[in-house]
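Given next are the chains, with one letter for each unit.
Number of protein chains: 2
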Amino acid sequence: MGNLVADLQTLIRQPSVSAKKVGLSECAGLVANMMRKSGINSEILHLDDRSIPPIVYGEVRSKSNPSRTILFYNHYDVQPEEPLELWENDPFSGKVEGNYVYGRGSADDKGELITRIKAVQYMLKQTGDVPCNVKFIVEGEEEIGSVHVEEYLRKYHDRLCCDGVIWEFGYVDAKDRPIISLGMKGLLYVELMVRGPSADAHSSLAVLIENPAWRLVAALATMRDQNGRILIKEWYNEARAFTEEENSVIASEPFDEQGFKEEYGIDRFVADAHGRDVKKALVGTPTCNIAGFNSGYIGEGTKTVLPSQAMVKIDFRLVPDMIPEKQLDRLRKHLNEHGFGDIEVKFIHGEAAARTPISDPFVRQVEQAAKETFGSAIISVSSAGTGPMYSFVKVLGAPCISVGSTYMFARIHSPNEFARIDLLNKTTKCIGRIIEKFATG
Amino acid sequence: MGNLVADLQTLIRQPSVSAKKVGLSECAGLVANMMRKSGINSEILHLDDRSIPPIVYGEVRSKSNPSRTILFYNHYDVQPEEPLELWENDPFSGKVEGNYVYGRGSADDKGELITRIKAVQYMLKQTGDVPCNVKFIVEGEEEIGSVHVEEYLRKYHDRLCCDGVIWEFGYVDAKDRPIISLGMKGLLYVELMVRGPSADAHSSLAVLIENPAWRLVAALATMRDQNGRILIKEWYNEARAFTEEENSVIASEPFDEQGFKEEYGIDRFVADAHGRDVKKALVGTPTCNIAGFNSGYIGEGTKTVLPSQAMVKIDFRLVPDMIPEKQLDRLRKHLNEHGFGDIEVKFIHGEAAARTPISDPFVRQVEQAAKETFGSAIISVSSAGTGPMYSFVKVLGAPCISVGSTYMFARIHSPNEFARIDLLNKTTKCIGRIIEKFATG
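First to last, the sequence lines map onto chains A and B.
Mapping of the first sequence onto my numbering: position 182 corresponds to residue 182, and the numbering continues sequentially without gaps.
Mapping of the second sequence onto my numbering: position 54 corresponds to residue 1054, and the numbering continues sequentially without gaps.
If we strip away everything but chain A, and leave its shape as in the complex, we get (with noise of 0.2 angstroms):
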């Protein structure tokens, strides 16, 4: 199996970090190619608009069983690579050292991406065919915020329609036992603007002139309770409860929570909670987060300014059934209501969640075929981030699920990321049988 290290070297070293749109279609044609040699039919599709990022779509056509079709979602770009100084290889390097290949995009997602590639390949070489249709789509926005997957879905559609999606990521935690995940929270992002007096004022005027980031203290302050909760009116009105079958999934889940808070150096979880409320936060409650605040003189000492302006970045994670949109409407009332008409929204992004019910075959599938490969795995009701999936259930109407090889603490997004060798090779065994179960329907 040699040469799905090497393989995955080769992807390294294009780098491709599409918040500084580097290397982006280099890697695409990476990609494709490497498909093609694989055995995988590939084609590297557009937007109208050429200045996007192009999707790679890969396909191999099942001779026994065209009827059914399973689709894996990747993507080539990475996060940038800074801070440079805190690699001890170059970002770009993919250095092998034992049981590990460095380099940003090692795990996350080219690791991913050539335990499929490969998965496949190996059962093409043993059998000459597939036991189900196979799609790839594999994009080039993830690290951006995906922010034309969904326009990609709808115009390839006829080519992407499939019965079943392998999400882009997957965890194996610190036991190697692999996390099957099977939703994603969404996401309001917003910016808050508050406009003071036109330019900073000495702050002796503060007697006077209203300043804007004591306006935005006080709206905040009417936003969120100290437990977390958002006080904004019918907020958590459509969210989603946990099914019976949720409830127990989520008791049996094992969780650290001393590990937890060791590894961020805290000792309380927010409203003090322990226990399954934990484990149920992480999977279903909505948040309001404070990811930015900036106003007047930030640096060394002293200056007596009344800022100009005052902004907050804030990211509310959303749960099943709440529609960023119509969040958003509730919140701009909720500033009108409490007297802050003045207050600028800026929309930034917004994404709604997804979940797979546990019901599904398909969880069943992917859930026996890791345990076969792994000797155990955990079922998780969602992931706490946010990702597309929404858009792949909405356009394609096909059930999705998160399984993969990345090590929790690969250090993904930061530097040094790594891909564990051992997860590699083991997530690709567990990908063929994922395709073996899930062809049987």
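Hint data in this document are derived by calculation from the structure and do not stem from the laboratory.
Treat the hints with care, since some could be wrong.
Stated by the list, open to error - Here are the computed distance ranges between Cβ atoms for each label pair: (1) A:LYS21 with B:ASP1256: 48 to 58 angstroms; (2) A:ASP342 with B:HIS1338: 20 to 30 angstroms; (3) A:SER25 with B:LYS1303: 17 to 27 angstroms; (4) A:ASP321 with B:HIS1202: 16 to 26 angstroms; (5) B:ARG1229 with A:PHE409: 41 to 51 angstroms; (6) B:LYS1303 with A:GLU97: 24 to 34 angstroms; (7) A:GLN226 with B:GLY1301: 28 to 38 angstroms; (8) B:LEU1328 with A:LEU86: 33 to 43 angstroms; (9) A:PHE409 with B:ASP1329: 36 to 46 angstroms; (10) B:GLU1337 with A:GLU238: 33 to 43 angstroms; (11) A:SER198 with B:LYS1303: 23 to 33 angstroms; (12) A:PRO357 with B:ARG1229: 47 to 57 angstroms; (13) B:GLU1151 with A:ARG229: 46 to 56 angstroms.
Beta carbons: idealized from backbone N, C-alpha and C, even for Gly.
Assemble the complex: chain A is given as a structure, and chain B must be docked to it using the hints.
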């Protein structure tokens, strides 16, 4: 009187930026020389720590009336010249155009200093004497908070002792009326810091990890209401009320509400104040101002981050009899009592307020001199700003009064700062008259 402008140009052309420690001892030397050439004995005085900018001490003993002494307080340092691109000429050019001298420090404070040196020079030239002793203290750290002026006053108390102090600045309004200001507010400048997870975390973890920016918002919301009232227990306990005399001075003081609102692009005042309340607020209301707030990601676009810390800079303006250290204790107690004992309170700067009583004969002398020179004069109970006036009152026991030559829109602390030559000349005459009247006791 031509050499007033030439000497001012010489001073402007010597950059002396205390924030950057640029040109300070050079400028002190220049001032000392200029004094000497004007007939004023001068000395450069140091503290033990020679890295602290020196003061320039100047003195002319009166032959006719050596029992009475007036002290001029000025500073030779200037604000940083940035932003450079907004200056129409070199910030240190001292360019003269018609009635204007341009340059950093042209008004604040080299323009004021030159009127005082020239007033004494002309007096000596005309009469060979001064009607009372005249002293100068010219410091080099005013723009960074006069951090050592009290130490200088204590160390050189015997040289600096006096019966009255003319403060370093003084404004002339849009109708060419000098504003005689009798006080300054105090200041308590602090930084509040909340620490969250040990490093920035993915914002999906906001379900579990307390966001330090939210914690800071919650703490701040307990400190001040939306009308500007400070909610910290006993905050106003010592705040000195206005005397009847002060109230009537405030009532008669002109204030152009509409012009002020237009200047700052606002349509209302804090607490919807108007009329006499506006003027009272400026001279006598304590404030709690957010001078800076910083947390998380503040660049373009989205980053879904849970910040590891949140910091706010606050300046509290104080009125007479409020003691900065006591107010700091109250702030700390407030945070503790409201469950925010984990918030770090860093003391940055404290300065008490000072106010010279309207009934002091010195006030009438200055007012009379100003009226004789300018035709009219406005008495203001206090400036809204802060300076080390309390140190002068405490150490020297002398009343302090602000009067000077700076046009109220002279862009001090901003690009294209200027001094008006007509006001420099009138103020020079006014200073001469003040010395004469003061000498009579």
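Check each numbered hint from earlier against the structure, then list the numbers of those it violates in ascending order.
Those not satisfied: there are none.
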